[in-house]
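Chains as they are written, first to last, in the numbering used here: chain A, 773 to 1083; chain B, 14 to 337.
One should not assume that every hint holds.
Stated by the list, open to error - Taking lysine to aspartate or glutamate and the EDC-like style, the derived pairs with C-alpha atoms no more than 16 Å apart in a straight line are:
#1 Lys-269/B x Glu-311/B
#2 Lys-63/B x Asp-105/B
#3 Lys-269/B x Glu-956/A
#4 Lys-269/B x Glu-960/A
Said to hold, decoys possible - Partner residues are not named here, just some residues of chain B that face chain A (Cβ under 8 Å, in silico):
#5 Pro-76
#6 Gly-77
#7 Val-79
#8 Gly-84
#9 Asp-202
#10 Val-207
#11 Leu-230
#12 Asp-231
#13 Arg-235
#14 Trp-280
#15 Gly-309
#16 Gly-310
#17 Gln-318
#18 Val-321
Since the hints were derived computationally from the structure, they do not count as laboratory data.
Note that CB positions come from ideal geometry on N, CA and C, so glycine has one too.
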Amino acid sequence: MSGAEPGATPAVHSTGSAPGGALAECVGVTRRFGQFVAVDGVGLSLHGGEVVGLLGANGAGKTTLIRMLLGLLPVSAGEVRLFGEPPSRRTRQRIGYVPQGLGLYDDLTAAENLAFSAAVFGGGTDRALPAALRPYGHRLVGALPLGVQRRVAFAEALAHRPDLLILDEPTSGVDPLARARLWETVGEAAAAGAGVLVTTHYMDEAGECGRLVIMADGRVVAQGTAAQITGSARVTVVETDAWASAFGALEAAGLPAALVGGALRVRDAAPQDVRRALSGIEARVSEAPTTLEERFFQLTSSTTSHTEDMG
Amino acid sequence: MTDPQHGVPAGPDGRPLAAAGPDGGAPTSGAAGDTGDWWGTDEVSVWYGKVLALDRVTFRAAPGQVSAVVGGDGAGRTTLLRCLAGALAASDGTIRRPAARRIGYLPAGSGTYPDLTVAENLAFRAAVYRVRDPARRTTEYLERAGLSAARERLAGRLSGGMRQKLGVIAAMLHQPALLVLDEPTTGVDPVSRVELWSLIARAAADGAAVVLATSYLDEAARAARVLALDAGRELATGTPEEIVASMPGTVRVLAKRPEGDAARRAWRRNARWQVWAPDDPAGGPAGGVAGPAVAGGELVRPDLQDAVTVAALVRELAMTGGQP
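Construct all of the structure, not just a fragment, from the sequences and the given hints.
Shown next, in the form of structure tokens:
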């Protein structure tokens, strides 16, 4: 990330919190498809140097929101502003985007993919692959392992030094060490001043994000740090040698439990209710702080959830 | 089990739904018959032509437990699971699995018939495996998976998460003794993932030995036993606690990426840097890799993700010449 190249867009270093300084800003953004409201009055702002995690179930509206940010889809209502202006071809040039499907050409080599994208985004026609990817440079992308393909897609998205990086499930199906390396790249881009918006299905990765935005049914149902979102919510933990009978007893009582290791975790139930449901099965029942995943499930599985702004 | 023998039907991918051994799927090893104290592999190797996909892998799955096989692309997870499911023969070693009709198998990325509805997919499975009281069980599992409203939809038109849930139900409908699930949760959203785990726990509670492949260690940490694979070989195995306890050396957490040699032993996690150092501060080898201790930072109690990452790192350093 050093040494300005001709045509490279300088990274934005402003991390000011004034709304005017936001790289990307959504105000009351809504998108309808016929009667269906895919995105419903979403407000969101992203500043340079920030990594924001966008979490939500399938159908929550994440991809629709991203498509509006990229300028691929017009809004039905509300306003999207990128670098202080409406999305356009010009703003698209300042965005690096890695779609879920990676968006690479399987029939081109890794180097050709990069050269093509460099030509599209301007600012040079022969960008070198990062050193770690050079051994793969002359192989067809379609023949490369998935983990390497992801790194090529990252290199391509970062080659024009975008001010805003949008990553749609960047680490799906990647082994832990390779995933850590991808997050390194994301962290480096943010440290150099880029703003990063990333979707993930894995709560483990929420720790990489400075701030989280949780969507359900097209709306933002919570935002803030992971700690702010989990707050003081608790779950009841059941430890027992007879977990299978306990699992059945809890379920029969309408208290579905999650199996974690040898223990059962019960959401939305106090220890005394759990003890009653266990009706005599020998078990240690205690309380524990809720995990982000459990809190996420609470927030998104109830359709009557109200917006909670914790940021 | 008194079910009569039946022909082995082809799955949507053309492979057998559950391949039978020559004697109808009895364990291929000489070990005791269908007692079911464990299923698994003993020193199993698989060659695809000249490629060694699985290198002397030993794996045990116990009834009533969930066991996880973790690893990235090309680690050998699918090969191991296909061996367990009876869809692939080992080149060497022994596989111990129940009779074909007592195995449930969800292959990666498929497992359902796209041109059949959800209900038809399950009715077909129920007929093939002669499930008793199929209507009751189908209704129960659909409800548990949150798919009750999708009964009449074509499987090919379901979302990824819904299709995976259908695949898992189809594989467990006949209450198999061994349930083999290849990446049931990859690319699945968190809500569907919770529902999938509820189905998986139900199968284990009913006594099945559940084996699932995943690339996510937070998920593997929920399993009773874990096998981590890398390039066809065992990287680590045991309960999550055992794997963590057997990790060589120590892990520290730093705010910034370390400089020099330590950078090769560092990885990013939670927006900070974890750095592994071998046991011996004098530079004695741990895991065959030598290196000076890392100064500063805070010593962390490693978890499964740290331990497996360290194992991968140690192997990577050993291969690329760990000596600085």
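> Quick check: which numbered hints come out false for this structure?
Replying inline: 5, 15, 16
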